[in-house]
Each structure stands twice: as C-alpha cells, then as structure tokens.
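Spelled out, the chains give:
Protein chains: 2
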Amino acid sequence: MKPDQQATAEGALFTDFYQLTMAQLYYREGLHQLPARFDYFFRNYPDYGSHQAGYCLTAGLDWLLNYLERYRFRDEDLAYLRSATDSRGQRLFAEDFLRYLKEVSFEVLTIRAVPEGRVVHAGAPIAVVEGPLLIAQLLETALLNHLNYPTLIATKASRVKQSAQGGVVIDFGMRRGQERGVNAGARAALIGGVDYSSNTGLSCLLGLPPKGTHAHSLVQTFMALGLGELAAFRAYAALYPDDCLLLVDTVDTLASGLPNALIVFEELRRQGHEPIGVRLDSGDRAFLSIQAAKMLDEAGFAQARIVLSGNLEEFAIWQITTQIESDAPAYGLDPQALIRRLSYGVGTQLMVSGGAAALDGVYKLVAVYERGEWRPAIKLTESPAKTINPGNKALWRLYDRRGKATADLVTLLDEDPRELARLTLRHPVEANTYRNLARAELSGLEPLLREVFVQGRRAPPASITELRSRAEADLARLDAGVKRLINPHIYHVSLSERLWGLKQQLIAEARGLRPA
Amino acid sequence: MKPDQQATAEGALFTDFYQLTMAQLYYREGLHQLPARFDYFFRNYPDYGSHQAGYCLTAGLDWLLNYLERYRFRDEDLAYLRSATDSRGQRLFAEDFLRYLKEVSFEVLTIRAVPEGRVVHAGAPIAVVEGPLLIAQLLETALLNHLNYPTLIATKASRVKQSAQGGVVIDFGMRRGQERGVNAGARAALIGGVDYSSNTGLSCLLGLPPKGTHAHSLVQTFMALGLGELAAFRAYAALYPDDCLLLVDTVDTLASGLPNALIVFEELRRQGHEPIGVRLDSGDRAFLSIQAAKMLDEAGFAQARIVLSGNLEEFAIWQITTQIESDAPAYGLDPQALIRRLSYGVGTQLMVSGGAAALDGVYKLVAVYERGEWRPAIKLTESPAKTINPGNKALWRLYDRRGKATADLVTLLDEDPRELARLTLRHPVEANTYRNLARAELSGLEPLLREVFVQGRRAPPASITELRSRAEADLARLDAGVKRLINPHIYHVSLSERLWGLKQQLIAEARGLRPA
Numbered sequence: 089m090k091p092d093q094q095a096t097a098e099g100a101l102f103t104d105f106y107q108l109t110m111a112q113l114y115y116r117e118g119l120h121q122l123p124a125r126f127d128y129f130f131r132n133y134p135d136y137g138s139h140q141a142g143y144c145l146t147a148g149l150d151w152l153l154n155y156l157e158r159y160r161f162r163d164e165d166l167a168y169l170r171s172a173t174d175s176r177g178q179r180l181f182a183e184d185f186l187r188y189l190k191e192v193s194f195e196v197l198t199i200r201a202v203p204e205g206r207v208v209h210a211g212a213p214i215a216v217v218e219g220p221l222l223i224a225q226l227l228e229t230a231l232l233n234h235l236n237y238p239t240l241i242a243t244k245a246s247r248v249k250q251s252a253q254g255g256v257v258i259d260f261g262m263r264r265g266q267e268r269g270v271n272a273g274a275r276a277a278l279i280g281g282v283d284y285s286s287n288t289g290l291s292c293l294l295g296l297p298p299k300g301t302h303a304h305s306l307v308q309t310f311m312a313l314g315l316g317e318l319a320a321f322r323a324y325a326a327l328y329p330d331d332c333l334l335l336v337d338t339v340d341t342l343a344s345g346l347p348n349a350l351i352v353f354e355e356l357r358r359q360g361h362e363p364i365g366v367r368l369d370s371g372d373r374a375f376l377s378i379q380a381a382k383m384l385d386e387a388g389f390a391q392a393r394i395v396l397s398g399n400l401e402e403f404a405i406w407q408i409t410t411q412i413e414s415d416a417p418a419y420g421l422d423p424q425a426l427i428r429r430l431s432y433g434v435g436t437q438l439m440v441s442g443g444a445a446a447l448d449g450v451y452k453l454v455a456v457y458e459r460g461e462w463r464p465a466i467k468l469t470e471s472p473a474k475t476i477n478p479g480n481k482a483l484w485r486l487y488d489r490r491g492k493a494t495a496d497l498v499t500l501l502d503e504d505p506r507e508l509a510r511l512t513l514r515h516p517v518e519a520n521t522y523r524n525l526a527r528a529e530l531s532g533l534e535p536l537l538r539e540v541f542v543q544g545r546r547a548p549p550a551s552i553t554e555l556r557s558r559a560e561a562d563l564a565r566l567d568a569g570v571k572r573l574i575n576p577h578i579y580h581v582s583l584s585e586r587l588w589g590l591k592q593q594l595i596a597e598a599r600g601l602r603p604a
Numbered sequence: 089m090k091p092d093q094q095a096t097a098e099g100a101l102f103t104d105f106y107q108l109t110m111a112q113l114y115y116r117e118g119l120h121q122l123p124a125r126f127d128y129f130f131r132n133y134p135d136y137g138s139h140q141a142g143y144c145l146t147a148g149l150d151w152l153l154n155y156l157e158r159y160r161f162r163d164e165d166l167a168y169l170r171s172a173t174d175s176r177g178q179r180l181f182a183e184d185f186l187r188y189l190k191e192v193s194f195e196v197l198t199i200r201a202v203p204e205g206r207v208v209h210a211g212a213p214i215a216v217v218e219g220p221l222l223i224a225q226l227l228e229t230a231l232l233n234h235l236n237y238p239t240l241i242a243t244k245a246s247r248v249k250q251s252a253q254g255g256v257v258i259d260f261g262m263r264r265g266q267e268r269g270v271n272a273g274a275r276a277a278l279i280g281g282v283d284y285s286s287n288t289g290l291s292c293l294l295g296l297p298p299k300g301t302h303a304h305s306l307v308q309t310f311m312a313l314g315l316g317e318l319a320a321f322r323a324y325a326a327l328y329p330d331d332c333l334l335l336v337d338t339v340d341t342l343a344s345g346l347p348n349a350l351i352v353f354e355e356l357r358r359q360g361h362e363p364i365g366v367r368l369d370s371g372d373r374a375f376l377s378i379q380a381a382k383m384l385d386e387a388g389f390a391q392a393r394i395v396l397s398g399n400l401e402e403f404a405i406w407q408i409t410t411q412i413e414s415d416a417p418a419y420g421l422d423p424q425a426l427i428r429r430l431s432y433g434v435g436t437q438l439m440v441s442g443g444a445a446a447l448d449g450v451y452k453l454v455a456v457y458e459r460g461e462w463r464p465a466i467k468l469t470e471s472p473a474k475t476i477n478p479g480n481k482a483l484w485r486l487y488d489r490r491g492k493a494t495a496d497l498v499t500l501l502d503e504d505p506r507e508l509a510r511l512t513l514r515h516p517v518e519a520n521t522y523r524n525l526a527r528a529e530l531s532g533l534e535p536l537l538r539e540v541f542v543q544g545r546r547a548p549p550a551s552i553t554e555l556r557s558r559a560e561a562d563l564a565r566l567d568a569g570v571k572r573l574i575n576p577h578i579y580h581v582s583l584s585e586r587l588w589g590l591k592q593q594l595i596a597e598a599r600g601l602r603p604a
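Chains A and B supply the protein sequences, listed in that same order.
Going by our numbering, the letters in the first sequence line up with residues 89 to 604, in that order.
Going by our numbering, the letters in the second sequence line up with residues 89 to 604, in that order.
Simulated from the structure, these hints should not be mistaken for laboratory data.
Hints are not guaranteed to be accurate.
Simulated pairs of lysine-lysine, DSS-like, Cα-Cα distance not exceeding 27 Å [what the hints assert, rightly or not]: (1) B:K190 to A:K90; (2) A:K190 to B:K90; (3) A:K474 to A:K382; (4) B:K571 to B:K474; (5) B:K90 to A:K90; (6) B:K382 to B:K474; (7) B:K492 to B:K382; (8) A:K492 to A:K382; (9) A:K474 to A:K571.
A quick note: this is a predicted structure, and the numbers were derived from the prediction, not measured.
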C-alpha cells in the first residue's frame, strides 16, 4: 500500500461498513447522543487443538489509544461515503449525517480497561467503553482489531517463554505473519515474555536491540563461489568477532557445520575474542544440541550458547528439553546445564498463534442511559454461556492468603467487595454453583479496570520493560495449575450476588416472564 | 502506532536484522555487487488439518512492488543502525557501510514473477529476483511478508467461494485478523473470489462497494429502551428502504426475528420497496435457512435473500448446503433454489486461514554470477524434498488437448520447451518417476513468470476485477480433481531433463562425489 492509501485504509474508514449504516440510523432516530456502555471480553481461551490456554495476557491497548487520539473523518473519507449508494443507486448517507461525522471524535468516550501486560480470563470485561451510542459503536471494529490479535500473541509468547524454562526467546516471525500486522504481533510477543525480536523497525521503536546473525544463503554464496562454509564462517567472525554466532546446518551439522565453527572459534579466541555460539535450524534439535554441547565442551567452549530455531512453539520446545533430560546423561552431560545454555528463535508458530489463530473477543452493548437511569441490555442466545453479563460493571481480582489469584469477581460498578465481610461468588451460568468466601480469607482485592482514556486524554504509555515486568508479576501470582500448558485448571470468573440477580431478572423479562 | 512510527516500522527497517548484518558482510568482502538470483516458492500447500489445498492463488505482488518503489534508508534509520552495538558495546555497523546503505535502492533489481490471481503449485518458482547480492538479499523479509500471507488468503477465499456454489461471499474478517494485516488480507480475499468486504477503507481503495447492514447491538439498544426488535427493524427499513437486510437472531430467530422482519417487509412493499432479505448469524443455519425460506415464500417474498454468517468457512458451508439438499424437500422446498438464494459472510476463518494460518513460502539463493558464468547454488538437507532446484529457471504451464492444465514444468532459463517435439517431465526428487509427453498432446505451453519490476519500473497494477477474472480463468482450466476440498489430486510440478541433470550433478558435487 502507498502512504496516501494508508491514510484511507488505516484511518476512520478502518471499520466494518455496518458501523456507518448503524451510525446514520442512530443519528436519524435521535439516539446518537444516548449514553451507552459496551464491554470488550473474550468467551474462550485460545484452544490450540488438544490443549487450551488457562489464561490470557492483555496487549494492544497502547496502539488502540494512539488510533483513538488521531481518529477523524477526512474530507476524502466523507466524499467516499457520499458516493455510496443503495440497490436503487440512491445515496446511502445524507449530507447532514456526513456533516455530523466530520465533527465526530473519540474524545467524548471514557474507556476503562485492564492495562496491557495483565493476566485476564474468559468472560471478564477487559475494556468498558462509555459514551454517546453512535461514537461508542463506531469504535467497535478498531477496538476488536487492536486488542484481539495482540492479546492472542502475548498469550502464545507467554506459553513459549514458559516452556523455554528461562532460556532467551527471540521472535523470528516477520516473514509469515499477516503483512503489517507483524509489527503489532512482535510488540505483543515482547510484552508476553519474548526477549527480543528480529524485527528491526519495531525493535527501534521499542528501544530494544534487534537480534539476528546470518542465513543459510551466506554459506550458500560462499559455496557457490567455491570458497566453502569455513570461509563463510571466517568472514563472519572477522567482521563480528564479539558477536559470532554461526548457523551450522547448511551443509551437514555434525560433519561440517560444527567442526568448521570450532576452527573459527579457536581462531577467535587466539585473537582475544569469545564466540557467542551456534544456531541449529533443522533436524533433531535435541540430539543435535547434545552433540553440539559435547563438541563445544571438548573444544573448551563450555560457555558457548546453542540457539535453536525452525518451526518451534511451546510443545516442540517442551519435547526438546524432555528429550535432553532423558538422553544427555548417557553422553556425560548435565541435562539442566545444557538446557540453560539453549536459546530459541520462534517464528511462524508464534506470530500466527499456531493451533489457535484468532481470539474470539467481542464488543457487546451492556447498558444505555435513559430517563435518568442506566438500563441494562441483554442478548439471549441459544447457549446460556453466551448470554452477556448486563449493566455497568467492575472487575476485581481476589488474592488468597498465599498472595495467589484465586478468582476474578465481576460486580456492578457501585459495589465494593472490599467492604463486605463475606463474598458470594456466583458461577456466571449455573444457578447452584457458587462459593462463599470470608473477607478474612483474602489477602487482597484488586480492581483491574483503570481509566485509560478520559476526555481525549490517554493514560501514559508504559515501556516494554515495564509491561513485561507486569506480566511476570501477574504470572507469579497465578497458580501453577492455571499455567499448565495442557489441561489447565479452569480459573473462576464469578459474578457478585447482585449482578447475578440482575442477569436472571433480565433474562426472565426478555423471555416475557416476570420472576415470581 | 503513530504515523511517524510507521515511517520507522514500515520502511527500510521492516526487515529481519540478519539481512543487515549479512549485508555488511557482503559489503566488507566485496561481494555486494556480485550478481545473484533468488527464487521465491512454497514447499507445501496449506494443510487445514485433515484436508489440504490442491493449488494456491497468488496475491500480494502489487503492494510488494509499491514497497519496492519507495524503499530508501532514511537518515533516522541509519542513525538507529549507527547505535547498534555488539556484545562488547562496540558499533556493529561501520560508517562506510551506512553511507553505502543510504544509496541503496531496489531499482537495480529485476523481478520476474507469476502475476497476481494465478493458480500456482508447491515447488514451482513464483518469483525470481535478480540483482546485486546485497540488495537482493535485503529484499527477503519484505518479499516473504508481502507474498506469503496474501497468497494464503487468496487460496482460502477461493475454497470458500467454491463451496458457496456461486453464492455471494462477503469478507467480515477485520476484527480478528492481525491488526493492519487485515487490509492485505481483504484484498487477497477479493482476488481469490470473495465478492465484497465489510472493510470500508480497503473497499474504497479498490473501488468496490463495502457491504454491511447492522449488528445485534442495534436491536439490543431498541430493546433496552423498551422499544423492541420490531421498532429497530422499522427504523432500519425507514432509513434504508431499498437496502433492507435484517439480522433476525438477536432475540429468537423463528419466534421473533423472522415474524418481525416479515411485518416490516410487508410495510416496505406497500410503500413500493422490495426488501433485500435476512441474515442468520447463529444456530443451525441449514435448518434455519429452510424455515426462513418457507416463511419468506409463504409471505410472498420468494426473492428475498438469506445471508448466513458466524464462524463460517468452506466446510461449514459445505455442511450447510449438504443438509439443505437432504432436508429441504421434506418442507416442500427445492434445495437448489434455496442454495441459490444464500449469501455468506465469512470472517475470522477466512482472514486467519483457519486450520492453516501460515504459508511456508521461502526465498532461496539459486545462483551467483562469477568469472563470466552463473554458478548454481544448492543447499543439501536431510529431506531430499527440501533440496532446492538450482540455477536460473523458467516456469511453464502445459495445457492438454482439453485446454486443462496438466502439469507445470520448471526448466532452465535458456530452454524453450515449445521447440521440442517431445518433453520429459521429471519428478523433482524421485529418479525413476518421469513422464514423456509428445508436443502434439498439448494444446499450449504458457510461460508463467513475467517481468514485473525492471530498472525501478513496475508492471502496471491490475484492477481487482481483472485479477478476479484471471483467477476464475485459471480455476476453469484446472481439473476438478485438483480443486477438490478434500484429498485433491496432486498436480505435477516437474523438472526438465536438463534441470534434473544439473540438480543431480550439484548434489553429487556437494557431497564431494563427482558423478561417474
């Protein structure tokens, strides 16, 4: 896309068309100023096939807020809408509505949201938007677009980092992600726990050093010129004597790549430099890691790192470390020491969230304000689990005596569970499933939704380092069972007694039955 | 992201860092001007789990060429690279190299490629880049990023359109795709056969009308205000009397949505307007389509369309039409007539290519030019299927007497199979698998790679309509067996006898064995 095209495709028209047809309807019906509230939440954790996430990590809010601040219909956008026609060729959008759109900005919205880098759970409101109906509705597509994908990737990154057992993880995903979306994906991966990215521009923006050394093509070039792999390695070491990490699988990892790397490493050391290590991009990376470690150790390079790459994700890494744990001792190696010297380049499967390529986050109307009061909205569905939780809500995290998060509690906005001696935690759907909790059993109750956008002013952005620390702190307060890569404990997102009562009342009313 | 940040994250630094470290090495070694050739190809068709694509459709080239034309290192980019340091804190990039980068442009590259909207197959070169080694290597990340994802989505779109049996398909995928990548995805979907998109800005760019009517929230708003679903429908019909398509599943499709829609449709007709139809977004959409058709027919709206949406993809659509074929007659409906009045809104599963979220396209060095001749490059791997086809190549499509594509033939660039009376089609890996074909058995041989970028000038862009026609023409010339959604015939991509011979020779040399 060209820059002038980006102004069209990434500005106010970056939206589903029905937001605009609905907007005109609200305008025409005089409902455009009606105060309304919408919740953003996801219904299901990413399900990677046989295994499901037990939590998600929020990401994407910062760039959403950037988008909000700049949001304006340009004259070109309005001219395009002026040209839209219905099935009879008549104009769809009237001039008074377009004049109104020209003045629309998101400054009139108030957004409360769980900040980036926090653990969140299915069914809990992650963002709550309040403002005039027309404008709050117009935000839907951009909000979902900016939050769903980054949250998905921060979650995947967190799982990959967990399976890496402390090893450095580097994002290599630019080439197979969704075009410009890879920038948002890399940022989310870095929030979620990935240490570095090969994405140079994005690393520049975030103030992180980008990572990367060389590709197979470097070795291929030297081979095609008759110079060979060793010459390629020597050229690399000469140029980057203190950053020498060699990709050793272009010809034959054990017979050529590793022996040639060792020759170069010894030459480097004689010149007063220490090599960084080797990268293995194919083959049985558990077996090859063991062989590489043995060869490096025997040559006196016990500090050299081993970087693994090539279609890795959390389970491939888990399989590799498991195999090392079982096989390394037979080669006289300490498996834990070997695992500690591993780093991981993770590309495609990270950037597209392999196995679960989308988060099902939705944006639902929960209340409108009329005749002096907020009227909760509800939408019945065939599946009770999909019935929304109505009204204006707050989200609380309850910590037990160990300081671990034990449940999230969704309450009405005017409830403060900190003032209650006893809490009832209602299952969102099942009437007979609830838990009573004495306040004294809890070490803390934390309100999770913060005002992040008020009267056109956004909360200040946090650095990637801060966001990553936030995520680490939240993960430390999450029970190990919830963090399991397979069959995690289902974390409870409960409703307060009052919210539960309101929901039942609205369901009954919607069915045309008043409760007895 | 903010606009000034886009200049950083979407410009020359939109690349994997190793392209830059390798570039400096080529510069330092005096190899930067070495003429080189790289092939872009994919190894495997998208595999959606139990079912695999039998072909792909190319997309993404137009925006790649836009990127190429604008590619320049800005002073800010070079300043950032100037700040990059190695493990000892020393500068990674020397000043002379940065001065060189400042002058780099892609104008010196020549790119031959299969144009957008063409059927292509695994293993065949889809783009061939020729130019100075350093610059051709620098293109890798951007090329893969711009071609892999759109080709994946054009392919998915083609499958969805096929299963829709001629029904209109609309892209609804903005909210769950990968942030800004959804624009590239929507464009690819439109190339691949999707008829319209809800993406307003992208539709504006492409000169297509965006599509969309209203969301559940419209009905919810009217309900929360005590006005009800019927009032919402009436308001919609009053504003859009000639574009009236109503979403009927907010409350209860059969008991509320459809009866209310029929009331409004009758009112519309009395005012001289014909409704467009209804949309079903949840539940058993085969059963509900039958019920909706019956109700619409009985009320005299046999022309009204039925739009289905909600987590659809090619198999969900197939299941729906299959169920209609089996069940509709029991309700006195002609199943084919019912299927013809269906349209489909396809969102998440289209935009993330549900089941296969990435295409494995790669960019591999195939030849360098030295001492007056092109030297083919090869990379051995453990898997023979992954060994690249070396050298400078052409790609031909062979059409049989019926005019159907029967195989793609990869030859050396200086071969012209049109001049041969007899062709040998070699399997790329298996020595004893080949086919002999008399020229007279073929109705045509079409060269597929076209010069699309020469001396900084790009081939003119084609309209979406042209691209879609191209795709349709190619699909019409593809055997039905190759287009099957499940277990497709494997289309042959063969090597010419000369290319096969070269490959064997290079493999033997790389193994240190001259052929006997």
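How the hints compare with the structure:
1. B:K190 to A:K90: Holds, at about 21 Å.
2. A:K190 to B:K90: Judged against 27 Å, a Cα distance of about 21 Å means the pair holds.
3. A:K474 to A:K382: At roughly 55 Å apart (the allowed maximum being 27 Å), K382 of chain A and K474 of chain A break the hint.
4. B:K571 to B:K474: At roughly 25 Å apart (the allowed maximum being 27 Å), K474 of chain B and K571 of chain B satisfy the hint.
5. B:K90 to A:K90: holds, 16 Å
6. B:K382 to B:K474: Distance of about 55 Å is beyond 27 Å: violated.
7. B:K492 to B:K382: violated, 41 Å
8. A:K492 to A:K382: violated, 41 Å
9. A:K474 to A:K571: holds, 25 Å
The structure shown violates the earlier hints numbered 3, 6, 7 and 8.
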